[in-house]
Structure formats: structure tokens, C-alpha cells
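Taking the hints into account, I'd like the entire structure generated from these sequences.
If you read the protein sequences in the order shown, they are chains A and B.
So the first sequence is numbered by my numbering: it starts at 1 and just counts up by one.
So the second sequence is numbered by my numbering: it starts at 157 and just counts up by one.
Derived by calculation from the structure, the hints in this document are not laboratory data.
Fair warning: there could be bad hints in the mix.
With a straight-line Cα cutoff of 25 Å, these simulated DMTMM-like cross-link-like pairs (lysine to aspartate or glutamate) come out [to be verified]:
1) B/178 with B/195
2) B/177 with A/123
3) A/92 with B/205
4) B/178 with B/204
5) A/97 with A/125
6) B/178 with A/117
7) A/106 with B/204
8) B/177 with A/153
Have a look at the derived ranges for each label pair, beta carbon to beta carbon [unchecked claim]:
9) A/66 with B/188: 43 to 51 Å
10) B/207 with A/95: 35 to 43 Å
11) B/237 with A/69: 20 to 28 Å
From the derived model, a few chain B residues whose C-beta atoms are all more than 12 Å from chain A [claimed, not checked]:
12) 181
13) 194
14) 209
15) 215
16) 228
In this text the structure is predicted, and so the values were computed from the model without any measurement.
We treat Cβ as the ideally placed atom computed from N, Cα and C, and that holds for glycine.
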Amino acid sequence: MAARVLQQCVRTLARPSLRLSSGNAAVRAAVAPSAAVHRPLTFAADTRGPRLLLRSRVPSVGVLCRQYGDLPPLTLETIKDRVLYVLKLYDKINPEKLQTTSHFMKDLGLDSLDQVEIIMAMEDEFGFEIPDGEAEKLMSPEEIVQYIADKKDVYE
Amino acid sequence: MAAAVRSQVISLYRMMLTESKKFPSYNYSRTYALRRVRDAFRANGALEDPRAVERLVVEGQQTLALIKRQVSIGRMYATQKSVVD
Numbered sequence: 001m002a003a004r005v006l007q008q009c010v011r012t013l014a015r016p017s018l019r020l021s022s023g024n025a026a027v028r029a030a031v032a033p034s035a036a037v038h039r040p041l042t043f044a045a046d047t048r049g050p051r052l053l054l055r056s057r058v059p060s061v062g063v064l065c066r067q068y069g070d071l072p073p074l075t076l077e078t079i080k081d082r083v084l085y086v087l088k089l090y091d092k093i094n095p096e097k098l099q100t101t102s103h104f105m106k107d108l109g110l111d112s113l114d115q116v117e118i119i120m121a122m123e124d125e126f127g128f129e130i131p132d133g134e135a136e137k138l139m140s141p142e143e144i145v146q147y148i149a150d151k152k153d154v155y156e
Numbered sequence: 157m158a159a160a161v162r163s164q165v166i167s168l169y170r171m172m173l174t175e176s177k178k179f180p181s182y183n184y185s186r187t188y189a190l191r192r193v194r195d196a197f198r199a200n201g202a203l204e205d206p207r208a209v210e211r212l213v214v215e216g217q218q219t220l221a222l223i224k225r226q227v228s229i230g231r232m233y234a235t236q237k238s239v240v241d
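Below you can see the structure in the form of C-alpha cells.
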């Protein structure tokens with residue numbers, strides 16, 4: 001489905017320049033590799049359409065810049081928001097009583113097994129392992145945010 | 157001594173939960189294993205007798221080995237992913 005959306009975007013972008021470009025052999029030859037790239041994306045009924053419309057060169061779309069794929073950068077605010085969001089999803093925590101400074105065992109009434117589950121949820125959310133010795137010391141959302149900021153080198 | 161057993165139990169719980177998440181199929185084992193591990197640890201959480209606790213820890217370690225074996229078997233014979241996965 002994403003392939004179909006991509007195709008439509010390319011078509012709408014390629015259409016205005018379709019009238020301008022003449023079908024000379026150089027452009028067609030340049031387009032042939034890109035059509036070949038797009039071929040795995042097309043479904044069986046759709047073979048003629050993209051090849052005709054991709055006649056013009058697509059690189060005229062947008063500025064010529066490189067785009068690398070990466071996650072958005074972490075800031076203390078985003079870490080805090082994500083930690084609180086994960087904690088609100090946990091069913092044993094009352095979302096109204098949750099503060100950043102609330103202690104898991106004293107304020108929220110959880111036990112050590114719950115704390116293990118919470119730390120594992122944080123590991124899944126942020127994508128890195130937290131060793132046991134350090135995990136059992138993290139007893140409030142504030143400490144978790146500090147620990148993650150230390151590990152990920154996030155500072156203000 | 158109690159602190160050592162406690163940390164052993166905590167690390168056992170953690171390892172069992174981590175291994176249970178690795179089951180490849182949703183309906184066959186994963187949800188059951190997670191639920192069963194959580195319920196068993198909670199139900200026995202109030203025990204104080206050291207011998208009973210030790211026996212349960214040994215049983216937990218055997219169950220952990222069982223889960224690891226079943227995870228690798230499940231991966232060997234993986235079925236097609238369903239919509240739930």
C-alpha cells in the first residue's frame with residue numbers, strides 16, 4: 001500500500017514536466033533503470049501506467065540533498081514524556097497519582113516484581129539493555145529519566 | 157543471605173520474562189508463558205520458608221531452561237505469521 005501511495009506521489013509530481021520534456025532517447029534510457037526499480041513495486045495489472053508517466057526525470061523533485069534515516073534526537077523533555085506515557089499504560093499505576101518524583105514502592109504501592117516489569121518496559125521503549133544491578137535502584141520516574149539521559153549522553 | 161536469595165529471585169523473574177517474549181507465535185505460547193510466569197511469582201511472593209523458596213527457585217530455573225528450549229524449537233518450525241502477530 002505504501003508503494004501505491006509512492007507511485008501516486010511520483011505521478012502527480014512527474015505530470016507537469018511530462019508536457020515539457022520531449023521523448024528523446026537519452027531521457028528514455030535514463031528513465032529505464034528507474035522504471036526497472038519501480039517495477040517490483042507495481043502490481044500485475046499496472047504495468048503500462050508508471051512506465052509512460054515516468055518519462056521525465058524524477059530528480060527534479062525537491063532540493064538535491066541527502067536524507068539519512070535516523071530516530072529523532074532525544075531531549076530530556078521527550079525522554080520524560082515517553083517514560084510517563086509508558087507508566088500510564090501500565091495498569092497497576094493510577095495515572096492521576098503519577099508524578100515524576102513519585103516513588104514506585106512508597107507512593108504508588110508497587111512491589112519489586114512490578115518494578116522489574118516497569119524497567120523491562122523501559123528497555124523495550126528505548127531499545128537498550130539495563131543491567132540488573134542498576135535496574136533495581138531505579139525507583140522513580142525521575143531516576144529513570146536521569147539514568148537514560150546518562151546512558152544516551154543527553155544533556156541540556 | 158535473604159538479600160542474595162531475593163536478588164536471585166528478581167534476576168530469575170527478569171530472565172524468564174525476557175525469554176518468554178521471544179516466543180515466535182502469539183497464540184501458541186507467548187501470552188500464556190508471560191501470564192503464567194507473572195502469576196506464579198506473585199502467588200509465591202509471600203513465602204518465607206527458605207527451603208520452600210529454594211525449591212521454587214530450582215524449579216524456576218528448570219522452567220527457564222524449558223522456555224529457552226521451546227523458543228528455539230518454535231523458531232525452527234515457524235508457521236506463517238497471523239494477523240495478530
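Here is how each hint holds up against the structure:
1. In summary, the hint linking residue 178 of chain B to residue 195 of chain B is supported, as the alpha carbons are separated by about 19 Å, within the 25 Å threshold.
2. Straight-line distance between C-alpha atoms of residue 177 of chain B and residue 123 of chain A comes to about 13 Å, which keeps the hinted pair within the 25 Å bound.
3. Distance check on the hinted pair: residue 92 of chain A and residue 205 of chain B sit about 28 Å apart at the alpha-carbon level, beyond 25 Å; violated.
4. Restraint check: the Cα-Cα separation between residue 178 of chain B and residue 204 of chain B comes to about 32 Å, which exceeds 25 Å; the hinted pair is violated.
5. For the given pair, residue 97 of chain A sits about 22 Å from residue 125 of chain A by alpha-carbon distance, which is consistent with the 25 Å threshold.
6. Of the pairs offered as hints, the one joining residue 178 of chain B and residue 117 of chain A holds, with about 16 Å between alpha carbons and a cut-off of 25 Å not exceeded.
7. Restraint check for residue 106 of chain A and residue 204 of chain B: satisfied, since their Cα atoms lie roughly 22 Å apart, inside the 25 Å limit.
8. For the hint pairing residue 177 of chain B with residue 153 of chain A, the CA-to-CA distance comes to about 29 Å; that exceeds 25 Å, so the pair is violated.
9. Evaluation of the 43 to 51 Å hint for residue 66 of chain A and residue 188 of chain B yields a pass: the beta carbon distance comes to about 47 Å.
10. One distance hint, 35 to 43 Å for the beta-carbon pair residue 207 of chain B and residue 95 of chain A, holds here, with the actual separation near 42 Å.
11. Take residue 237 of chain B and residue 69 of chain A: their Cβ atoms lie about 24 Å apart, and the range 20 to 28 Å holds.
12. Residue placement check: residue 181 of chain B keeps its beta carbon more than 12 Å from all beta carbons of chain A (closest about 19 Å).
13. For residue 194 of chain B, the non-interface assignment is contradicted: its Cβ lies about 8 Å from the closest Cβ of chain A, within the 12 Å cut-off.
14. Every C-beta of chain A lies more than 12 Å from that of residue 209 of chain B, the closest at about 14 Å, which supports listing it as non-interface.
15. The beta carbon of residue 215 of chain B sits about 17 Å from the closest Cβ of chain A, which is more than 12 Å, so the claim that it is off the interface holds.
16. For residue 228 of chain B, the condition that its CB be more than 12 Å from all CB atoms of chain A holds, with the nearest at approximately 21 Å.
In summary, the numbered hints that this structure violates are 3, 4, 8 and 13.
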